[in-house]
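Single-letter residue listing:
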Amino acid sequence: MKTWSDFEISQRRIVSNIQIAPGAYILKFRRNFNFLAGQVIALGVNINIEPRYYSIASGENDELVSILYSEKIDGKLTPMLSLLKSGDTVIVSNPFGTFTQVAPKPVFIASGTGIAPFASMCLSGKAKGATVIHGAPYSEYFYFASYFSENLGKHYIQCCSRCMQGSQFVGRVTKFVKSWTDLDTNRQFYLCGSAEMVVETRDLLISRNVPFQNITAEIYF
Amino acid sequence: MTNHSQNKIPLYGKTLEELIAIAIQEKLPKFTGKQISEWLYHKHVDTIDKMTNLSKVARETLSAKYEVGLSEPVKVSESNDGTKKYLFENENGKFVEAAYIPESDRATLCVSSQVGCKMGCLFCMTGKQGFQGNLTANQILNQLRSIPEFEKVTNIVYMGMGEPFDNLQNVLQSTEVLTSDWGLGWSPRRITVSSIGIIPAMNEFIAKSQCHLAISLHNPFDDERKAIMPIQNVYPIADVISELRKANIRGQRRVSFEYIMFDGINDTPRHVKELAKLLSGLQCRVNLIRFHSIPNSPLQGTPDNKIIEFRDALTAKGVFTTIRASRGQDIQAACGLLSTKALLEKNKDNK
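Taken in sequence, the protein lines are chains Y and G.
The first sequence: position 77 = 77 (our numbering), numbered continuously.
The second sequence: position 235 = 235 (our numbering), numbered continuously.
One chain only, chain G, in its complex shape (with noise of 0.2 Å):
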């Protein structure tokens, strides 16, 4: 496999339509365009030079200014648990962070759709490092196609570094690779965009993907949410909730809730009717995530025994609820642990 080269442009996470555009660009023949994807997506081959169907003239046409564009991640770190975590280092330095997370009927990746966060949640270690840019297509499917368990993923959910409805665009093009007949050929059904709820951006993709889609919910209450979770003095939940009514989403694609616990925050009997009656009648499901303490927080994460009543409780109100294995915890690959600031604070001083 090879790494990015500064100045050649990545094919890898094209869509078809673009992979035409740049062989009619190139003067080559306009079905070049559907052979180049074929060998990217469908027989993995990691450079021009092994797309034996297409004329020499044109793999050197090609390898004049493109290259498949992978890089294998710079370092693995694995858990008890079996859970991996990688760790990609972009063309201009910037590092993001993807979790392997294999169970007994399934594996899961976890995917990152930008260095750093906007979004300063308080309980997120991603959101420490302030942001730092966006991910291309390319570099998020690269998170997929360069780890060594790439044919044995199952799963994918983007819930890694970064807000991906604030990186709609390369998410969106990332899973219209993944889910397309010429692409990878997933199913949207394997696959689950997770956001914190930026309207306008969940709107489009509601309107333009079939994947699931989580929404971080984490307090049914306007002020206790706001003191968590800055978006909602722009997007407050009740209005994110009200738009997925509108959009009355049924059938396969499922809509979900993340509700991470905070002891004696957010797990409250009040807490459990607040919800119930903030998500009545909405077809979803509620996941019930233990808290993994990060430094210098001033939250605690709620007992499992607790976590168990109220996911009972929940569910005795009519609300489909279900508790997440935490995975890869002594790591740093838990929910809310994925972070590469201290890779970022190393090259800062090495400047």
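Excised from the complex, chain Y in its bound form (with noise of 0.2 Å):
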């Protein structure tokens, strides 16, 4: 069980809280402390409940820390999380993680949420001539999307396991790796997702030559 105890917390009024597609908000609070991009905080509502953590989903530089999250039903705090509304407040832990060193022209592969910390590499300007392939099951499922398209071009890859053709790659991440032509294994990897997802792509990545010493995973747990 995640504790409060050992983290050093502080209460945080709520900016906003936004549903962006259903089921997953980005909530928002003025920053209080400096972090590293890739860095996670714990999140709760009270001291009570137990808390997650979440990687920051802004720019070290930015104003308001950002935290996307998407509601599980049967959670015990997103449900309460997804209700709060500006002006409330949530308890926060300070940065913490080292997933935060990022190599030249990195490849960066995300599942759903998994996102957030490549999405905050990105805008505090970490990253440089980065790939970033990003799989969820819908068009909607795609967080930062727009950002992501301006600033990375054809290097933004979208994999939507369950659209119909279109712009998108139509399948899960794991097919477009074992497919992927400009495979270049020298570069350095990063993943961040499911457990599944993770380690599935790992493997693949290893199949098709890339060191695993190349390979950085970050584990939702």
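Derived by calculation from the structure, the hints in this document are not laboratory data.
Any given hint might turn out to be false.
Said to hold, decoys possible - Below, a list of computed lysine-lysine pairs in the DSS-like style, where the Cα atoms sit at most 30 Å apart:
| id | chain 1 | residue 1 | chain 2 | residue 2 |
| --- | --- | --- | --- | --- |
| 1 | G | K246 | G | K273 |
| 2 | Y | K178 | G | K94 |
| 3 | Y | K128 | Y | K72 |
| 4 | Y | K76 | Y | K128 |
| 5 | G | K306 | G | K246 |
| 6 | G | K34 | G | K56 |
| 7 | G | K306 | G | K317 |
| 8 | Y | K178 | Y | K126 |
| 9 | Y | K76 | Y | K105 |
| 10 | G | K27 | G | K56 |
| 11 | Y | K72 | G | K94 |
| 12 | Y | K76 | G | K8 |
| 13 | G | K65 | Y | K76 |
| 14 | G | K75 | Y | K76 |
| 15 | Y | K72 | G | K306 |
| 16 | G | K152 | G | K34 |
| 17 | G | K34 | G | K75 |
| 18 | Y | K175 | G | K94 |
| 19 | G | K306 | Y | K76 |
| 20 | G | K27 | G | K75 |
| 21 | Y | K72 | Y | K105 |
| 22 | G | K75 | G | K56 |
| 23 | G | K94 | G | K273 |
| 24 | G | K208 | G | K152 |
Given the structure is predicted, the values throughout are model-derived calculations rather than measurements.
Got two chains here, separate frames each, mind docking them using the hints?
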């Protein structure tokens, strides 16, 4: 069980908490700490409910901290979180974690809300020459799509598992990686998402001769 | 022994406090809770009907909603070295494995705490099946209670499928049942819980349990550990060890570090030096473990002679180091090999 006792915590007033897709929200509060893109915070509604860890999705210099989360219907925290409005408060820990070192020309591979740390890295100007590969079931779940499209162009690849033919690659991230013709095994690969996606994608990259030392993974738990 | 029914609540795995609460809720005398714990954990009955010092009305009342809740393994595989691997099916159709490892002077049971695992370690088969759910205290303890060797088991290690500290409440409940006088009455010194080092849960475990703690270390260098264990991004091993120093675990309670040996990856003199530096002054031991190769892995096991050299070098630096014997490799029961992925995929195909 995650507890609050291991963290320095503060109460933050919510600036906005907006639903951006069915069951997906971005919560924002004013920044009272410095952080490195890729770090996480523990977030909760009060100290009696177990916190959950979320990667920060905003840039290091942004005035507001953004947290991307999806509501789990049977979850303890997110159904409460989704009801909060501007002016309500949340409890947050200081940022922590070391998923923060990014090599030049990184390849970011994410599923769902696992895109958050990569959005933060790009928004912080720390991911020059990045390629972003994002997996989601439907078009509306490609969070930060307009930002990535504008800034990365053809190096932003959407893998949509339940879309009909369109501008996206139709299929899961793993299907894309399996057939990716431009795969450069010398680049550094960063993965974030569910355990299944991370493990499967890492195995695929290794099978395509990417050294395991070139792969760094962040896991949800 | 009975198998689970779909809608009855299992009593096995409940704490004394919970059993008393059940008795009160069912309008039975409060002492019925204590009687049930004796039947479950001292007299080892497998049905409520056999709890013969409970009134007939009490047994009927309980049986309407509850059951002892034991389920036999659905499969057993036996190794040439005597190790047995047991497969259990939970009531929700998910599978876990436990390994029974007999030795001349002891018999160890390696139990699972989750179906699958979220931690994604590069060298582990369990991680390759993703995460399908937490085990309840009942499902953890059933792995002990329902094997034929139940009474022969002398030691339990939580080193099977899953990360115990990602399911801490159920793990703590199971160790409470194991170690309480009203429960199975085991010494906590015969129980080891192994984790990759989730710091908040580790601190809670240290405070609430007296069982031994084992930490999966596998590489003392930050970048190198990140490449094989994603958890290093959240809880670096240096922070884990710093917390252990603060906890100051001494006396009979033991902290050990698991170190799987990967050829050319974590078995060099540079690693010996860094490991000794990292653990300096901490009362602990290091268990070196042979790597059992898994399909499509880029990792290879360190040869035995190099493992011995590594042990000797660490020992020379004052770190108490042992080499763990490999058991059950021929039935995929050895360290890091437990997995029910094939069954998971078969079930998916059948749907």
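Against which earlier hints does the structure fall short, listed by number upward?
3, 4, 5, 9, 14, 15, 17, 19, 20, 21, 22, 23
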